[in-house]
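*Asks:* Read in order, the letters of the sequence shown are residues 80 to 235 in the numbering used here.
Misleading hints may appear alongside valid ones.
The calculated label-pair distances, taken between Cβ atoms and stated as ranges, are [to be verified]:
1) L83 x L197: 13 to 21 Å
2) L96 x R212: 42 to 50 Å
3) A106 x L170: 18 to 26 Å
4) A183 x N81: 15 to 23 Å
5) N81 x I213: 31 to 39 Å
6) V190 x V133: 17 to 25 Å
7) W103 x P194: 33 to 41 Å
8) A158 x Q99: 15 to 23 Å
9) Q100 x G121: 32 to 40 Å
10) G132 x L193: 44 to 52 Å
11) Q99 x P194: 34 to 42 Å
12) L170 x G132: 16 to 24 Å
13) A216 x H91: 41 to 49 Å
None of these hints come from the bench; they were simulated from the model. Each residue gets a CB set at the ideal place from its N, CA and C atoms; glycine is no exception.
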Amino acid sequence: MNVLALFQWLSHSAIGLYVQQSQWVFAVVETIHLLALAALGGSLLAVSLRSLGVLQRIASRQLARELLPVTVLSFVAIAVSGVLMVSGEALKCYYSPAFRAKMAALAIALVISLPVYLAQIQRRDAYLPWWLRIGAALSLLSWLSVGVAGRAIGFL
């Protein structure tokens, strides 16, 4: 199955048709998506800032462990709401360069952020290795790219 066929199927699925035909579903799903994005962004920002040495009063292990449920739940909410939003405008997303940029940025953000986050859970507070600092900065930049590309979908 090619990607266009997948997007066409999604557009014509029962969920896709429901999202397209409902007056309120897309708005509610988008609100959930944005709230979950704020929660994810906040948790990743805190962990990344701790990695950069900004939030030194908080133990990195404790911070990362306590924010892990927020991070995981918000990412799941973003993924589910994202699929619902795409199903409502699947063909628009398929042809959108901004959507493709967002998906590429999301893949990069996940690849960069996951090791930084896991390293924070396992590391001691005494030493901040250089790779963790660079990874934290790149994580913040990559998630910012996801948000900017996501916002551009509405304009392109």
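*Asks:* Which of the listed hints are broken here?
*Replies:* 1, 10, 12
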